[in-house]
Amino acid sequence: GQQLNQSPQSMFIQEGEDVSMNCTSSSIFNTWLWYKQDPGEGPVLLIALYKAGELTSNGRLTAQFGITRKDSFLNISASIPSDVGIYFCAGRTITGNQFYFGTGTSLTVIP
Amino acid sequence: EAQVTQNPRYLITVTGKKLTVTCSQNMNHEYMSWYRQDPGLGLRQIYYSMNVEVTDKGDVPEGYKVSRKEKRNFPLILESPSPNQTSLYFCASSRGPWGMNTEAFFGQGTRLTVV
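Residue numbers (my numbering), protein chains in the order written: chain Z, 1 to 111; chain R, 1 to 115.
The hints are simulated quantities; they were obtained by calculation from the structure and are not laboratory data.
Mixed in with the good hints there might be a few duds.
[Unchecked claim] Chain Z regions said to be covered by chain R (calculated; three or more residues, Cβ under 8 Å):
{"hint": "1", "stretch": "49 to 60"}
{"hint": "2", "stretch": "64 to 72"}
[To be verified] With a Cα cut of at most 20 Å, we get these calculated SDA-like pairs of lysine to any residue:
{"hint": "3", "chain 1": "R", "residue 1": "K57", "chain 2": "Z", "residue 2": "Q98"}
{"hint": "4", "chain 1": "R", "residue 1": "K65", "chain 2": "Z", "residue 2": "Q9"}
{"hint": "5", "chain 1": "Z", "residue 1": "K51", "chain 2": "R", "residue 2": "G96"}
{"hint": "6", "chain 1": "R", "residue 1": "K57", "chain 2": "Z", "residue 2": "K70"}
{"hint": "7", "chain 1": "Z", "residue 1": "K70", "chain 2": "R", "residue 2": "K69"}
{"hint": "8", "chain 1": "R", "residue 1": "K17", "chain 2": "R", "residue 2": "K69"}
{"hint": "9", "chain 1": "Z", "residue 1": "K51", "chain 2": "R", "residue 2": "P97"}
{"hint": "10", "chain 1": "R", "residue 1": "K57", "chain 2": "Z", "residue 2": "K51"}
{"hint": "11", "chain 1": "R", "residue 1": "K71", "chain 2": "Z", "residue 2": "N22"}
{"hint": "12", "chain 1": "Z", "residue 1": "K70", "chain 2": "R", "residue 2": "P97"}
{"hint": "13", "chain 1": "R", "residue 1": "K65", "chain 2": "Z", "residue 2": "Q3"}
{"hint": "14", "chain 1": "Z", "residue 1": "K51", "chain 2": "R", "residue 2": "T102"}
{"hint": "15", "chain 1": "Z", "residue 1": "K51", "chain 2": "R", "residue 2": "P75"}
{"hint": "16", "chain 1": "R", "residue 1": "K65", "chain 2": "R", "residue 2": "P75"}
{"hint": "17", "chain 1": "R", "residue 1": "K18", "chain 2": "R", "residue 2": "Y64"}
{"hint": "18", "chain 1": "R", "residue 1": "K17", "chain 2": "R", "residue 2": "N7"}
{"hint": "19", "chain 1": "R", "residue 1": "K57", "chain 2": "Z", "residue 2": "N22"}
{"hint": "20", "chain 1": "Z", "residue 1": "K70", "chain 2": "R", "residue 2": "E103"}
{"hint": "21", "chain 1": "R", "residue 1": "K71", "chain 2": "R", "residue 2": "G42"}
{"hint": "22", "chain 1": "R", "residue 1": "K57", "chain 2": "Z", "residue 2": "Q3"}
{"hint": "23", "chain 1": "R", "residue 1": "K71", "chain 2": "Z", "residue 2": "Q98"}
{"hint": "24", "chain 1": "R", "residue 1": "K65", "chain 2": "R", "residue 2": "E1"}
{"hint": "25", "chain 1": "R", "residue 1": "K71", "chain 2": "Z", "residue 2": "K51"}
{"hint": "26", "chain 1": "R", "residue 1": "K65", "chain 2": "Z", "residue 2": "I94"}
{"hint": "27", "chain 1": "R", "residue 1": "K69", "chain 2": "R", "residue 2": "P83"}
{"hint": "28", "chain 1": "R", "residue 1": "K65", "chain 2": "R", "residue 2": "E103"}
{"hint": "29", "chain 1": "Z", "residue 1": "K70", "chain 2": "Z", "residue 2": "E15"}
{"hint": "30", "chain 1": "R", "residue 1": "K17", "chain 2": "R", "residue 2": "T86"}
[What the hints assert, rightly or not] Derived DEER-like restraints, expressed as beta-carbon distance ranges:
{"hint": "31", "chain 1": "Z", "residue 1": "S10", "chain 2": "R", "residue 2": "N26", "range": "47 to 57 Å"}
{"hint": "32", "chain 1": "Z", "residue 1": "G40", "chain 2": "R", "residue 2": "T22", "range": "30 to 40 Å"}
{"hint": "33", "chain 1": "Z", "residue 1": "S20", "chain 2": "R", "residue 2": "T22", "range": "35 to 45 Å"}
{"hint": "34", "chain 1": "Z", "residue 1": "I110", "chain 2": "R", "residue 2": "V52", "range": "43 to 53 Å"}
The beta-carbon is built from N, C-alpha and C at its ideal position, and this holds for glycine as well.
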């Protein structure tokens, strides 16, 4: 199956700091999605990206669809304790019927 | 309220005892899929369904079966569970895999332990 490399694997940051994580693929994607998963829950969509170069914000979150169509990043500004969780990228190739997920970035925010 | 409902949330079973995890969505979505989540491996797709009576294998289909007799339901069947199928399972649905606004909505997960 498709491999999505997501980094970093985990982050420990102070409340108020900005966070950046990214995802790269070996294939060209035409959709990138970013999800957050709280403990004991299913992933919840944060941001969806459909065009190369697209930059989209959702509150303190900003995500971009890379120009090469092989990467995406997610930034969280001024982190707060409720940002704690696992963040997943997901993408779909041009020809495929499947979404592929990254391995996740575990975020811990220290008050 | 739009939702994807999985049952049960937790299940402990013994090796070889057939089990079914149910999944139901109330959004009239055509596309449904099953994922398993394991530490360090993220979410891996087991099976997906493009519509009623149309199913296809994902990345890790071995040991699993699915059926899609109705649009809203997509059960996951383990005919003879083994310990390596101990995992956290998620069902997801979306309008389709194509185009915009086709992001998946996930159920709350089923934590399965096979002993």
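Tested hints:
no.	hint	result
1	49 to 60	violated (count 1)
2	64 to 72	violated (count 0)
3	K57(R) with Q98(Z)	holds, 10 Å
4	K65(R) with Q9(Z)	violated, 32 Å
5	K51(Z) with G96(R)	holds, 18 Å
6	K57(R) with K70(Z)	violated, 24 Å
7	K70(Z) with K69(R)	violated, 36 Å
8	K17(R) with K69(R)	violated, 23 Å
9	K51(Z) with P97(R)	holds, 16 Å
10	K57(R) with K51(Z)	violated, 28 Å
11	K71(R) with N22(Z)	violated, 35 Å
12	K70(Z) with P97(R)	holds, 18 Å
13	K65(R) with Q3(Z)	violated, 24 Å
14	K51(Z) with T102(R)	holds, 14 Å
15	K51(Z) with P75(R)	violated, 34 Å
16	K65(R) with P75(R)	holds, 8 Å
17	K18(R) with Y64(R)	holds, 11 Å
18	K17(R) with N7(R)	holds, 17 Å
19	K57(R) with N22(Z)	violated, 28 Å
20	K70(Z) with E103(R)	holds, 18 Å
21	K71(R) with G42(R)	violated, 27 Å
22	K57(R) with Q3(Z)	holds, 17 Å
23	K71(R) with Q98(Z)	holds, 18 Å
24	K65(R) with E1(R)	violated, 29 Å
25	K71(R) with K51(Z)	violated, 30 Å
26	K65(R) with I94(Z)	violated, 27 Å
27	K69(R) with P83(R)	violated, 29 Å
28	K65(R) with E103(R)	violated, 24 Å
29	K70(Z) with E15(Z)	violated, 31 Å
30	K17(R) with T86(R)	holds, 13 Å
31	S10(Z) with N26(R): 47 to 57 Å	violated, 35 Å
32	G40(Z) with T22(R): 30 to 40 Å	violated, 19 Å
33	S20(Z) with T22(R): 35 to 45 Å	holds, 39 Å
34	I110(Z) with V52(R): 43 to 53 Å	holds, 49 Å
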